[in-house]
Amino acid sequence: MKKNKIIIFSYNEISSQIAHILQGKGYEILISEEDETLQEKIKIDGFQSSTLSLMEDENLEKIGLNHADVKAFFCLNEDKNKNLFIILSVRHFNKNIKIISLSSDIDNNKPLILAGANKVLNPYEISAFRIFRLLHKPYILDVLDNILFSKSDINIEEITIKKDSIYDGVLLSELDQAKRGNIIILGLQDKELSEEFIFFSAGINHKIDNGDTLVVLGKSNDLKIFKSLLNDYKK
Amino acid sequence: MKSLIISFAYFLESSKNYYQIKHLVYQLLDDVNFKYKKYFDFAMIFLVLSTIAILIYEVNHPQLEILNNFEIFAIIIFIIEWLGRLWTVTHIHKQIINDYEKSEFLNQPYFLAKSIKKIIKDKLAFIFSPMSIIDLLAILPTYRPLRILRILMIFRLFKLLRYTSSINEFSQVFIEKRFEFFTLALLFFIAVIFGSTIIFIFEGAGVNPNIETFFDAVYWSVITITTVGFGDISPITLPGRIATLFLVVGGLGVIAFFTSIVTTALQEKLQSIKEDKAVGEANTMREFTIICGFGRMGQVLAEQLQSVKEKFIIVDINEKQFQDKKFANYTTIKGDASSVSLLKDLGVVHRAKAVIALSDSDSVNLAIILTARSLSSSINIIARANRKKIEKKMYLAGANKVIPTTDITALVASEYVGQPVAFDAIDDILLNDKHAVMEEIEIFQNSSFIGNSLQTIDFDNYNLSLIGIITKSENNKFTFNPDKTSYILKPKDILIVIGYHDSIIQFKAEILSQKSKLFKRKSKHEKK
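If you read the protein sequences in the order shown, they are chains V and C. Every letter in the first sequence is one number past the one before it in this note's numbering, and letter 101, counting from 1, is 101. Every letter in the second sequence is one number past the one before it in this note's numbering, and letter 454, counting from 1, is 454.
Since the hints were made in silico from the structure, they are not lab data. Nothing here was measured: the structure is a model prediction, and the numbers come from that model. Ideal placement from N, C-alpha and C gives every residue a C-beta, glycine not left out. Among these hints, one or two may not hold up.
Computed spacing ranges between beta-carbons, pair by pair [to be verified]: (1) V:Met-55 x C:Leu-270: 46 to 56 Å; (2) C:Leu-157 x V:Lys-80: 51 to 61 Å; (3) V:Asp-107 x C:Phe-34: 21 to 31 Å.
Put together the whole structure using the sequences plus the hints.
This is the structure we're talking about:
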């Protein structure tokens, strides 16, 4: 099976960490870095790299940004104008790719989103929120860390309901405790209705259709069982 | 007689009421941090201002009976206040007891007179202190034979100084800058003597009809040197006019010197007054957080803390960080957060609950951690680490939690690749949006839920999902999705639930008042 690919633009401290984490999760990493002096370091760190400049449109194709197996594009240059330019051209080149970028200034988020980024992360904000949680709700932070960053067996997973699943057309509330096993349904996203996430506690009467994405919490094993259950086809 | 006094002193020493009353009077008069003091101060300021107003009114109006009575009332209050200060300034009975016990210890006869001498000396020291003299000057003019001293009533205005600590600070300026002021006064004095001598020599001996005595000459030179120049006395001879020219130019210099001393001194003072105010605010706070470093992270954190009404103080070495209007209602202090004295003043030792080191320099953060930890072993210290390598050192220095900024961002960013929907859900929860919130609910020690199974709480009824339970008694063990029938609630358990804000508030209120709906239903069940 071919591995899913991630392309990261610019090599710096944060992109190296992201690359390491994603490589650990089994993605193939390609670093796009024009600076020749960094090539050695990228090689030592164990990633593939390309020195083609992304400022030229034809190079976007050359590094494979239009391939279906490229899952995401990280735009992590320190220069925010360069980021804007590249996000804009990548989005124009590939409508479906997931683009994630960083901005150190909250006011900058909007232009980046307008340029076509799916998600703009703000390191200062993320860290500040984390500290706030530590002060305000320390236990929840711990629980979420365990779930999100997989220190324990408990995971968060999203399951998309396929067509003809036995749960296609069932009310959310009918997925009762017994069927759920030892898992918790956080909620679902109904692509047809909106991009907004519906929490389980409010969406009891929501009808599950194919294409909906359920977000569930549970131990890896239970999740597997639940997943196969959901994907049982109607006879 | 002597033994009677001694036993009375012991009686006072052991009397709780006496102490309480004396302490209350002291707080009212002198304790800046006492919360009712400001009402007392306002009342006194009103009295002072109103008696001054009466004085002005009576200059060209007939005396009114009611105003006289008010005057007497005010004076009585002033006298009581002064006596109160005289009373609380030292403890007479303690002096007696101390001396008595000392002589008992040394096996020597005790002389009451000796103690009385000491007591009188202490009290006199108070009576002749500047503030007490101002008080006395405010009282004395009412005494009929001293009616001529009515003008001294103006001194009551100085009483206002007592009730406004910041004006007090300004008067400090004159003490701190006394060397400069002394130089200035000397310069002024020399110039005046110089000028008046010249004018007196040239124009004093009947030349100028306006200058008859040396005092006229001094008066003229002071009016000239200060650039006021009334013109009632003016030089008529050439040497006199030349002297005037020098005096006027010299006068400008003196004025400039004076202005610059006062303005710089006041500016310095203003800064420290502002800080004292912030430190004073910190002194009245409890359970607050100290944010050290007010960059972008500090701003986001402050915003969040503000939104949940948590108390905090911000320290930054660069005051420019505070200048935005947005931060006007934050308590801010300019200073070095790694300095022991500042952190101590802010109450790291007993009152603050957390210190957050958010400087963008790792070494500064390390210094803040070490300083805070050296002051308190129990305070919660959270620090930001810009480089991962420093993380371990920060834990060694005593941080409770270190946040490596790039690490966290990288983790979050890479999580976003895999499960964006799940991530958005968590993001929503984390960012405390209007949607759903995750909340910790603690089961209190004497809650009646203790010993019952989880089933007794009907989460569905509140539209809440239970994620898990943290068992404090078992080293904060987290049980994910515990079995509702077999899990028995223990004291200090923490329930982690997800739900909408409103339902969580309702749930919390009801679980605290212990009337969960299902709980009732279950008790009915038991009756059957």
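How the hints compare with the structure:
| no. | hint | in the structure |
| --- | --- | --- |
| 1 | V:Met-55 x C:Leu-270: 46 to 56 Å | holds, 53 Å |
| 2 | C:Leu-157 x V:Lys-80: 51 to 61 Å | holds, 60 Å |
| 3 | V:Asp-107 x C:Phe-34: 21 to 31 Å | violated, 45 Å |
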